[in-house]
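Residue numbers (our numbering), protein chains in the order written: chain A, 374 to 670; chain B, 20 to 322; chain C, 113 to 264; chain D, 477 to 854.
Errors might be hidden in some of the hints.
Straight-line alpha carbon distances no greater than 25 Å define the calculated DMTMM-like cross-link-like pairs of lysine to aspartate or glutamate that follow [stated by the list, open to error]:
| # | chain 1 | residue 1 | chain 2 | residue 2 |
| --- | --- | --- | --- | --- |
| 1 | B | Lys234 | C | Asp167 |
| 2 | D | Lys779 | B | Glu233 |
| 3 | A | Lys663 | D | Asp570 |
| 4 | A | Lys384 | D | Asp570 |
| 5 | A | Lys497 | A | Glu548 |
| 6 | D | Lys714 | D | Asp725 |
| 7 | D | Lys569 | A | Asp474 |
| 8 | A | Lys609 | D | Asp570 |
| 9 | B | Lys234 | A | Glu548 |
| 10 | D | Lys569 | A | Asp417 |
| 11 | B | Lys104 | B | Asp80 |
What the hints contain is simulated information worked out from the structure, not anything from laboratory work.
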Amino acid sequence: MCSMNSTSTDKTELKNIYRPMLMKIISIADETKDTRTLRLEFSDQKEKDAFNFKAGQFGLYSAFGHGEAVFCISSSPSKKGYIECTFKKVGKVTVALRNLDIGDTVGFRGPYGNNFPIDNLKGKNLLFIGGGIGLAPLRSLIDNVLDLRSEFSNITILCGARSVSDFIYKGQIREWESRSDLKLVKTVDALTSPAEETEWKASNGRVGLIPKILADINPSANNTYAIVCGPPIMIKFTLQELEKLNFSRDKVITTLENRMKCGFGKCGRCNIGPIYICKEGPVFTAEELKNLPQSDF
Amino acid sequence: MTTNSNQSNQNANINYNDLQSEIRHLAKDLLESKKVRIVIGYGSGPLNSKPVPVFITDANDVDRLVYNEFCFNNLSIYLTKAEIKAKAPWAIVVKGCDARSVIGLVVENQIKRDDVFTIGVSCNGVKLEGNTLSKCDTCAVKNPSNINVNKVIGNIKTASSTSASTLDKELEQLNKMSAEERFQFWKNEFDRCIRCYGCRQICPHCFCNNCIAEKSAPQWISTTPGSRGNFAWNAIRAFHLVGRCVECMECSRACPMGIRLDLLNHYLAQEVRDSYNFVAGMDLEQKPPLTTYNLKDNQDFIK
Amino acid sequence: MNNTTNNKKENFEPRIIAFVCQWCTYTGADLAGTSRIQYAPNVRIIKLPCTGRIDVHFILKAFEQGADGVIVSGCHPGDCHYTSGNYYARRRFEMFKKMMGFLGIDDKRLQFAWVSAAEGRKWGTLVDEVTNNVRALGPFEDYKSLKIFQAE
Amino acid sequence: MKNYQLAAKDLETFFERILSSNLKLVAPVSTTQHIANLKSKTQILFKEIPTKEDIKKIISDTYTDMSAKEVFFPQSEPVIEYTHKKGGAVDIKDVEPTLKETVLFGSRPCDAFGFSLLEKLFSWDYDDPFFLKRRDKTTVISMGCTSPLESCFCTSVGLSPMSNIGSDILFTPVDNGERYLIEVVTPRGEKLIETINGAVTSTTTRQSIFTDGNTLVQNKNILEGKVKEQMKRKEDFKDISDILKDKFDDSQLESETYRCLGCGVCSMVCPTCHCFDIVDEGESSHGYRMKNWDSCSFALFTKHGGGHNPRDLQFKRCRQRYMHKLHYYREKFADALCVGCGRCVRACPVNLDIYSVVYNLKKAYANKKKDNKDNDNV
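Build the full structure now, drawing on both the sequences and the hints.
Next comes the structure, spelled out in structure tokens:
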């Protein structure tokens, strides 16, 4: 969603593009000990009605007095009236957001960036691969797809985390497991205790890094789109693995996140090579990523 | 770019051409004998005669090395850069003031003394846009033989002038002013700061890899270039160098806004000399004063 | 001094921030309280493990946030719980005080002291003295004039 | 485009009329600090000229240390004011930039072209009101160059010491400074000429100080040719885009920028650098969201929250500077984001020189191309 470049010479009524919308926290879910999901509702009814976004878009969330941080919108556009963001406690703003409670005010600027090409995915098999907090942007698309389930053929979700407690959206993963119209595979890098092992194996969880598990489940590439998100190192090896499973590069979609301040192509820091992640991304196909200079990632 | 013609190279009792060829000769031996892997020196720059730092790793390239009265950079800054630290052992061309920085880096365990071969070159004051820098007025290390350098080139004989330098005269001016006037002077200076951090990036002793100005939790120094953030930044930068700054005054030269950092550095260095009889970068054995203590330190300002 | 600043100074209550070490001065201040020693209420105490831990940007931050005077106090040399914290602090404060003076900050606004855990009375008189000195100087207009950005 | 001429002696009257038409005047002046006659480095910066008495301080034909982008894109400005209320609510207010009809006098043709580059960026899909409102309120009067500095290379990026793109009005001193040819480039420039003609100052009556300038256009073109000839740096960088594309991972770019120390001087003095940081300042209860200049040579510029930094080494940051200016921007907006003003060359503490780096890259690229051709033929 980007307003057309106003060619009118009269600049007086230009709106302040740095002004966030005010939102109230209506629920808080602690996914892991350092990752939290906030559900935000618009304080202003007009803004609430006018707001729409597509899965894959992101926004800048303000903790006033501390600054702004960029996260994806982790809820699906099909869920009306609220948006969700999932973030890890790493710096000044995320700590400030973490200290807020239900009823407190958070600023939100967005939605920015492009989105997952959901129309191209219609009628196709979908293979979601999410690593750690990388599952957050995917969940927006997964929920969106599941709300239109009939328009897509087979769906497989492969999600991994460092340990069992590091999984985010644990409740939803159990829900996906119980569904018959999708296949869920979950894996952890390592288990921490024999008791955990028995319980993990009981719910047929696997052990091993995502690329290895991907090789094990050996998904067929025909008529299938792979949507990948996770830490840079995981994306790198997963894309290689998908290539081995002869997924063509334009059928592999990923979403990147760089440091951002403005979110609309002016503050000059989110580019990889000539591409601005905030304007021409964050969603790219592996083909597009191949043309970018690898040493700028 | 050829270096200066011969005549303009004669400067008092120093022949820059001889020094230059000696440096090249020595650099060639050091590289060929594999005693060092890189020689950090001055080369001719793209624009007029302003020399630039160059990094020679191949013995046949030594002729790129130049030496003249415009070599104002303090090359020891590069001994703190990760890319160059990895290429130890190094040789480095140093004037007296720069040699003191190398000693300072060794004393603070940033580099090992045996890893660096310092080529101490005589210097009769460096020129910037035609006039000699004020730091050179009372420089006592024009001939770096009294500093722990591996090799001394040239033996310039100048008695270090005892007359007060322009800096000292300006300090007297400042000390005559009232507290409010001095505060106004420094506020005006620091208000012009554009927070380019040139003063930090060029200082060999500002080697913290996570400077306090880059810490945001809590935000000790406001990053907005306004009076409050600028005053705090300049005060804390100067204070973190107390007893460590060798007065090479590169920060003052690098500052695009011409803020009088040299006055602040010179004042603090003098206070350190008066209180602890310590001059930074002169002695490998002595620790910087604020990193040690003495039971009989002055405490009459403490109630 | 025209009369407006005069009466501004009459009913001016200075805000004094005190950075104190927890082993000696904080306990000394506590003793002053338990022995019902009356002293100026203008001081706000911030407890730190040792004077060696009191960093100069704490003091600058205090002035930035509106303090009119700062007291820094800890154990007497030799009593330090960490043996040498106050020895390092002594040199650091000497240089910092000189630099602040050079930058034009009146040295009555920044007072260093050693107050042991038994010197409740000394703490009281110290706070009174600093409060009166700073009250005489008036609010620290200079530092308050340092705005975050020009137009503020 | 109308041409006028103004006698050099009437320049002061011109400034007086600007002031008397209640316009804010910004022009280059020498700012040497003189408190207790402690001299600091003499600098020439763009400053507001508040009163008639200050007019004589204006230096009309000079090279400023900092560019004039500050008039439209101040180094730091608040964009939002926030106040925390009880019960977790927050009240935010837009901060309106203080706007006054302004005349910016004395920018160079390269600076002026830089404003047009910034305008393209600040209206790329999203309109930045802070820049655009200020630019909309300002009339830019540039002064053509008759004696470019050694570090200038505007012709290398397709400009000229007397090009008028980006200016509302271009003054060019002709007949060795006797009089100025005034090229009125935009309607905003025309409007200023009318207000100036209408304004009456104490010294002169209503009679216009401008006379027809078409006769001087010929002198200007001759002068322009001569000045271009005198310039020391004339290498053409029009095809630098593909050279840089080919050189992304080439070690030459690393060795050329090895001495860079990572200070931000080049970005701060540059007329086209526009990167900025957004931070909240003030107490957590009340404060401002600030938009401050930033620089790609700083270590934190691209550091992720999780600690990963795509540009961890200094040469990668220099590479970003050159790539953004001479390749990425050109691919999106057809012009290089470098106007050849040479300020970064003059301000760099280690004399890193964008012109000579690009010149060497071009030469190496040409040699390599020649070798490939030789191999093909052999």
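Status of each hint after checking the structure:
no.: 1; hint: Lys234/B to Asp167/C; result: holds, 15 Å
no.: 2; hint: Lys779/D to Glu233/B; result: holds, 11 Å
no.: 3; hint: Lys663/A to Asp570/D; result: violated, 42 Å
no.: 4; hint: Lys384/A to Asp570/D; result: holds, 16 Å
no.: 5; hint: Lys497/A to Glu548/A; result: holds, 22 Å
no.: 6; hint: Lys714/D to Asp725/D; result: holds, 21 Å
no.: 7; hint: Lys569/D to Asp474/A; result: holds, 23 Å
no.: 8; hint: Lys609/A to Asp570/D; result: violated, 43 Å
no.: 9; hint: Lys234/B to Glu548/A; result: violated, 42 Å
no.: 10; hint: Lys569/D to Asp417/A; result: holds, 15 Å
no.: 11; hint: Lys104/B to Asp80/B; result: holds, 21 Å
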